[in-house]
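With these hints in hand, go ahead and build the complete structure from the sequences.
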Amino acid sequence: MYLLQAEEQFCSRNFERTETLYDAAILSSKTHKFVNEEALANELAGHFYLETGRRNRSLHYFSQAFEKYNEWGAVAKATTLTQYLDEESER
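For any residue, its number in the working numbering is found by taking its place in the sequence shown, counting from 1, and adding 56.
Bear in mind the hints are in silico, worked out from the structure with no lab data behind them.
Note that this is a predicted model, so its numbers are computed, not measured.
It is possible that part of the hints are untrue.
Stated by the list, open to error - FRET-style restraints, in silico, Cβ to Cβ:
1. Q139 with G109: 12 to 22 Å
2. N126 with H88: 14 to 24 Å
3. R110 with A80: 28 to 38 Å
4. G109 with D79: 12 to 22 Å
5. G129 with R73: 29 to 39 Å
6. V131 with S68: 31 to 41 Å
7. R69 with N126: 28 to 38 Å
8. L83 with N126: 33 to 43 Å
9. N70 with V131: 30 to 40 Å
10. A132 with E72: 27 to 37 Å
11. E72 with G129: 17 to 27 Å
12. V131 with R69: 32 to 42 Å
13. R111 with E72: 32 to 42 Å
Every residue gets a Cβ at the ideal spot worked out from N, C-alpha and C, and that includes glycine.
Shown next as structure tokens:
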């Protein structure tokens, strides 16, 4: 539920609330051991921070998403995130 709310707030450009909701989504999925949702929440948070010009912060979330997708076994999906990690680490 938090993740959907975060996306809604992002679309509404309520960025402060968006940050809170992404973190709540990540924490909730971690607490309940939903690795797939934790990976997705981290990835979407990474896109949010990238879109709002906070590249360093986005790198953290993309890294977490990469780890969680690999943990979940979604290796191909994790590999797609390397483009963001490579671009950001080169800056």
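Each hint, compared with the structure:
no. : hint                       : in the structure
1   : Q139 with G109: 12 to 22 Å : 18 Å, holds
2   : N126 with H88: 14 to 24 Å  : 19 Å, holds
3   : R110 with A80: 28 to 38 Å  : 18 Å, violated
4   : G109 with D79: 12 to 22 Å  : 19 Å, holds
5   : G129 with R73: 29 to 39 Å  : 33 Å, holds
6   : V131 with S68: 31 to 41 Å  : 34 Å, holds
7   : R69 with N126: 28 to 38 Å  : 32 Å, holds
8   : L83 with N126: 33 to 43 Å  : 20 Å, violated
9   : N70 with V131: 30 to 40 Å  : 35 Å, holds
10  : A132 with E72: 27 to 37 Å  : 34 Å, holds
11  : E72 with G129: 17 to 27 Å  : 35 Å, violated
12  : V131 with R69: 32 to 42 Å  : 34 Å, holds
13  : R111 with E72: 32 to 42 Å  : 19 Å, violated
This entry does not satisfy hints 3, 8, 11 and 13, going by the numbered hints stated previously.
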